[in-house]
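When we follow this note's numbering, the leftmost residue of the sequence shown carries the number 768, and every step to the right adds one.
Hints listed in this document are in silico derivations from the structure and should not be mistaken for laboratory results. Don't take every hint at face value.
[As the list claims (entries may be wrong)] Simulated restraints on C-beta separations: (1) S819 x L869: 18 to 28 Å; (2) G852 x G791: 19 to 29 Å; (3) L871 x S839: 15 to 25 Å; (4) D860 x T881: 41 to 51 Å; (5) T881 x F815: 30 to 40 Å; (6) I826 x E872: 11 to 21 Å; (7) A837 x P870: 19 to 29 Å; (8) K788 x A837: 17 to 27 Å; (9) F875 x G799: 15 to 25 Å; (10) P880 x D854: 30 to 40 Å; (11) R833 x K804: 15 to 25 Å; (12) V867 x K788: 33 to 43 Å.
[To be verified] Subject to a maximum C-alpha distance of 35 Å in a straight line, what follows is the list of computed DSBU-like cross-link-like pairs (lysine-lysine): (13) K859 x K809; (14) K804 x K788; (15) K876 x K788; (16) K809 x K822; (17) K788 x K859.
Beta carbons: idealized from backbone N, C-alpha and C, even for Gly.
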Amino acid sequence: MTDIFSYAQYDPSKFSYPRSKVIGFRFQNFMGFQDSKWIEFKPVSLLFGRNSTGKSAIIRALLMLRQSLASSSESGPFVFTSENGIDVGGYKDFIYQHNVDLPLEFAFKVELPTNESYPEEFKYFLNLGKEQALKAYQ
Numbered sequence: 768m769t770d771i772f773s774y775a776q777y778d779p780s781k782f783s784y785p786r787s788k789v790i791g792f793r794f795q796n797f798m799g800f801q802d803s804k805w806i807e808f809k810p811v812s813l814l815f816g817r818n819s820t821g822k823s824a825i826i827r828a829l830l831m832l833r834q835s836l837a838s839s840s841e842s843g844p845f846v847f848t849s850e851n852g853i854d855v856g857g858y859k860d861f862i863y864q865h866n867v868d869l870p871l872e873f874a875f876k877v878e879l880p881t882n883e884s885y886p887e888e889f890k891y892f893l894n895l896g897k898e899q900a901l902k903a904y905q
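Work the whole structure out from these sequences, hints included.
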């Protein structure tokens, strides 16, 4: 999948991001999942299933994302180990089938308010994201 961020020429300090809500996410090549498909969030979300079906992997993916977003680390986009967080090991430890040639990918469904006006730069960024998402997930 192409990195849409490299295409967007915008300065986030020029505008404020609209209030948005993540309503779903999807990951590929994480632990036992080649593709998790879309996992939707509702006001009350329950995660249940038989043993060894990936419930913990979903939680670990979310926790890894949270600690990555909260980190000021410049070593890369993801923080795999955190003193006060989780430790998913090295890339080879959690990538699907331990195949280090596979990319780790995350996607999000975001609900944006319809009553706000968005700067042209942000609209351009959103359109790039939609275009790339449609290509990757059809």
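Evaluation of the provided hints:
1. Against the hinted window of 18 to 28 Å, the Cβ-Cβ separation of S819 and L869 comes to about 21 Å, which satisfies the hint.
2. Restraint check, G852 to G791: a C-beta distance of roughly 23 Å satisfies the suggested window 19 to 29 Å.
3. Taken as a hint, the range 15 to 25 Å holds for the pair L871 and S839, whose Cβ atoms sit roughly 20 Å apart.
4. Distance hint for D860 and T881: a CB-CB separation of about 42 Å, consistent with the stated range 41 to 51 Å.
5. For the pair T881 and F815, the beta carbons lie near 34 Å from each other, so the given range of 30 to 40 Å is met.
6. Between I826 and E872 the beta carbon distance is about 18 Å. The supplied range of 11 to 21 Å therefore holds.
7. At about 23 Å, the CB distance of A837 to P870 agrees with the hint of 19 to 29 Å.
8. Checking the proposed 17 to 27 Å range against K788 and A837 shows it holds: the Cβ atoms sit about 19 Å from each other.
9. Separation of F875 from G799 is about 21 Å and conforms to the stated range, judged on CB atoms against 15 to 25 Å.
10. Between P880 and D854, the C-beta spacing of about 37 Å keeps the proposed range 30 to 40 Å intact.
11. Distance hint check for R833 and K804: the Cβ-Cβ separation is about 21 Å, which falls inside the suggested range of 15 to 25 Å.
12. At roughly 34 Å, the beta-carbon separation of V867 and K788 lies within the given 33 to 43 Å, and the hint holds.
13. With a C-alpha separation of about 32 Å, the suggested pairing of K859 with K809 holds against the 35 Å cut-off.
14. A C-alpha spacing of about 19 Å is found between K804 and K788, which places the hinted pair at or below 35 Å, so the restraint holds.
15. Restraint check for K876 and K788: satisfied, since their Cα atoms lie roughly 8 Å apart, inside the 35 Å limit.
16. For a cut-off of 35 Å, the pair hint linking K809 to K822 stands: about 17 Å separates their Cα positions.
17. Simply put, K788 and K859 have alpha-carbon atoms about 32 Å apart, close enough for the 35 Å limit, and the pair holds.
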